[in-house]
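Trainee: Input sequences plus hints: build the corresponding full structure.
These are the residues of each chain, in order.
2 protein chains.
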Amino acid sequence: MAHADKPFDLTRYLRTSNAAVNHALKRFLPSAATAPSTLHKAMRYSLFAGGKRMRPALLLAAAEACGGSVVNALPAACAVECIHTYSLIHDDLPSMDNDDLRRGKPTNHKVYGEGIAILAGDALLTQAFEILTHSKATQRYSHRELVLELSRASGSLQLIAGQVADLEGEGKKLSLSKLLYIHKRKTSALLCSASRLGGMSANCTPTQLRALTDFGYHIGLAFQVIDDILDVTQTSEKLGKTAGKDIAAQKATYPSIVGIEKSRQIAAQLTANAFAALKPFKGKATALEALAQLLLHRDN
Amino acid sequence: MAHADKPFDLTRYLRTSNAAVNHALKRFLPSAATAPSTLHKAMRYSLFAGGKRMRPALLLAAAEACGGSVVNALPAACAVECIHTYSLIHDDLPSMDNDDLRRGKPTNHKVYGEGIAILAGDALLTQAFEILTHSKATQRYSHRELVLELSRASGSLQLIAGQVADLEGEGKKLSLSKLLYIHKRKTSALLCSASRLGGMSANCTPTQLRALTDFGYHIGLAFQVIDDILDVTQTSEKLGKTAGKDIAAQKATYPSIVGIEKSRQIAAQLTANAFAALKPFKGKATALEALAQLLLHRDN
Numbered sequence: 001m002a003h004a005d006k007p008f009d010l011t012r013y014l015r016t017s018n019a020a021v022n023h024a025l026k027r028f029l030p031s032a033a034t035a036p037s038t039l040h041k042a043m044r045y046s047l048f049a050g051g052k053r054m055r056p057a058l059l060l061a062a063a064e065a066c067g068g069s070v071v072n073a074l075p076a077a078c079a080v081e082c083i084h085t086y087s088l089i090h091d092d093l094p095s096m097d098n099d100d101l102r103r104g105k106p107t108n109h110k111v112y113g114e115g116i117a118i119l120a121g122d123a124l125l126t127q128a129f130e131i132l133t134h135s136k137a138t139q140r141y142s143h144r145e146l147v148l149e150l151s152r153a154s155g156s157l158q159l160i161a162g163q164v165a166d167l168e169g170e171g172k173k174l175s176l177s178k179l180l181y182i183h184k185r186k187t188s189a190l191l192c193s194a195s196r197l198g199g200m201s202a203n204c205t206p207t208q209l210r211a212l213t214d215f216g217y218h219i220g221l222a223f224q225v226i227d228d229i230l231d232v233t234q235t236s237e238k239l240g241k242t243a244g245k246d247i248a249a250q251k252a253t254y255p256s257i258v259g260i261e262k263s264r265q266i267a268a269q270l271t272a273n274a275f276a277a278l279k280p281f282k283g284k285a286t287a288l289e290a291l292a293q294l295l296l297h298r299d300n
Numbered sequence: 001m002a003h004a005d006k007p008f009d010l011t012r013y014l015r016t017s018n019a020a021v022n023h024a025l026k027r028f029l030p031s032a033a034t035a036p037s038t039l040h041k042a043m044r045y046s047l048f049a050g051g052k053r054m055r056p057a058l059l060l061a062a063a064e065a066c067g068g069s070v071v072n073a074l075p076a077a078c079a080v081e082c083i084h085t086y087s088l089i090h091d092d093l094p095s096m097d098n099d100d101l102r103r104g105k106p107t108n109h110k111v112y113g114e115g116i117a118i119l120a121g122d123a124l125l126t127q128a129f130e131i132l133t134h135s136k137a138t139q140r141y142s143h144r145e146l147v148l149e150l151s152r153a154s155g156s157l158q159l160i161a162g163q164v165a166d167l168e169g170e171g172k173k174l175s176l177s178k179l180l181y182i183h184k185r186k187t188s189a190l191l192c193s194a195s196r197l198g199g200m201s202a203n204c205t206p207t208q209l210r211a212l213t214d215f216g217y218h219i220g221l222a223f224q225v226i227d228d229i230l231d232v233t234q235t236s237e238k239l240g241k242t243a244g245k246d247i248a249a250q251k252a253t254y255p256s257i258v259g260i261e262k263s264r265q266i267a268a269q270l271t272a273n274a275f276a277a278l279k280p281f282k283g284k285a286t287a288l289e290a291l292a293q294l295l296l297h298r299d300n
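Chains as they are written, first to last, in this note's numbering: chain U, 1 to 300; chain R, 1 to 300.
Quick caveat, the hints were computed from the structure, so don't treat them as lab data. Accuracy of the hints is not assured; some may be wrong.
Said to hold, decoys possible - Residues from chain R shown here face chain U by an in silico Cβ test under 8 angstroms; the list is partial:
1. L39
2. H90
3. A123
4. E130
5. Q139
6. H143
7. R144
8. L148
9. R152
10. A161
11. Q163
12. F281
13. L296
Ideal Cβ positions, reconstructed from N, Cα and C, are used throughout, including at glycine.
Mentor: Written out as structure tokens, the structure reads:
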């Protein structure tokens, strides 16, 4: 818990929340030895490949801002991370982004082959909904609402819509509004849902849910604009994935459309909007604020 | 509803239940014009490609056997069909079974390309859980239980485990017990779950749920043994998919391990076990019985 009189220790916060999430994920997922062992190894390979666990951290911090507990928020945090990981595995496939590196390691299909990589993604997506059933329903939010929230954010109108638009936009000159369409769905939707699910696990009020939606939406967009900037300005080693890929694939990005400086301004403005959204929490959303700062200033 | 004094009209029953399922699926799924239009077209292409809707029919018949209504069972029936369709789309991909024909039409990736086919499968899988939230929870079975049921049956220990074992078994000489392992998961798990979800939507008793589990398990296995037989004995035209594929791919099947005649005996025995499981319904499971008969005697 944060205290107003000393600065918030985000490094420590993330260490604790990541440990809790990793522990829970290991418990929720079948062991690597469970048959079919290749599949469970492949699922765990990508799930424990050193991801930053930003979505679970956001979810836990949102729960905390609403007076909720880590224990009640953990199943949803793990579910969101399973969705995120599945989407990366499928996104890296040869028929999609065709990427060889992810988080500094060979991508799932490079290690396990395309067939198993597709099935490992399918299994993580399915597992997300199983894990979500371990959540405790609250007075305001039943299991039904939790499933509806996660399925919509990950579905054909949000996360997958973003992937499709991204796939169809490759090599094309996109307008800023089309790029915004992609970013909203491909990145912002799940981050926004993580923020909302955190609140829901803590039985948040409608006002709090609106604030978390607004916060998650803006922080999600900022996250992707910064991703675009880092792809141009950082090395593959630093990113843990192939840098300059966007340019090579002639992908439309914020820097390619409005330039680096303007992109930085946009990211800063989005982050400012995210901070403004947190006002209803009256200083109690310290972890969320610290996360937003980290996302803006990260270099990988 | 069936009457003891005249034979059950299965053709009419299936026509009615398929119409209800198709109508509901069209309502639950985003229209083909909804952005991203390619994705929604691809989802609908496979979902409305003339599938027999055996799983939904089984689910509705199980609900009816427990005194439930079609309306309450429809969301689960549609959810199961979405799962089934996604698994076919992914199963047909070049890195899996590499099939060009399905239900007499080009497979999804042949029409829309691999990237969109993978995403259409992902979207149908996700949509299944969203559709399931439209179910009405009953006194004995909450939304939590419905989601747990569907996610487990479709997950890494059941449906996907079957796909993996199938993939890894290609070109290998399999024992009958290994083949049984595959069939249980790849086919029986979801049929069994359809039967159970039908009961659950009708607030079935624990005794009824056990009976439906037993019935679904045996009918699911019989279904797959018959599929294996038909692959050897029928033409591609009749099957609506490439016949003789199992032999070409050197796939282990019931006929290849125990021969056609013994396979027919096994299918008949499994169907008899399925009938026996229906005893607790004391003649009220007429539609389920008729479906079991149809599955045994079908020729495509």
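Trainee: None of the hints should be skipped; say for each whether it holds.
Mentor: Status of the hints after comparison with the structure:
1. Because the beta carbon of R:L39 sits about 5 angstroms from the nearest beta carbon in chain U, less than 8 angstroms, this interface hint is met.
2. With its C-beta approaching chain U no nearer than about 6 angstroms, R:H90 sits inside the 8 angstroms limit, and its interface hint holds.
3. The beta carbon of R:A123 comes within 4 angstroms of a beta carbon in chain U, closer than 8 angstroms, and the hint placing it at the interface holds.
4. At about 4 angstroms, the closest approach between the beta carbon of R:E130 and any beta carbon in chain U falls short of 8 angstroms, and the interface hint on this residue holds.
5. A distance limit of 8 angstroms between C-beta atoms decides the matter here; for R:Q139 the minimum to chain U is near 15 angstroms, and the interface restraint is violated.
6. Annotation: interface hint on R:H143 holds; nearest CB of chain U at approximately 4 angstroms, less than 8 angstroms.
7. Nearest Cβ of chain U to the Cβ of R:R144: about 4 angstroms, under the 8 angstroms cut. The hint holds.
8. For R:L148, the interface hint holds, the least distance from its beta-carbon to any beta-carbon of chain U being 5 angstroms, beneath 8 angstroms.
9. Using the Cβ-Cβ criterion of 8 angstroms, the hint placing R:R152 at the interface with chain U is satisfied: the shortest such distance is roughly 6 angstroms.
10. Hint status for R:A161 relative to chain U: holds, with the closest Cβ pair at about 5 angstroms, below 8 angstroms.
11. A hinted interface residue such as R:Q163 counts as satisfied when its beta carbon comes closer than 8 angstroms to some beta carbon of chain U; here the least separation is about 6 angstroms, so the hint holds.
12. With a least beta-carbon distance of about 29 angstroms to chain U, the hint placing R:F281 at the interface is violated under the 8 angstroms criterion.
13. Taken as an interface hint, R:L296 does not check out: its beta carbon lies about 30 angstroms from the nearest beta carbon of chain U, beyond 8 angstroms.
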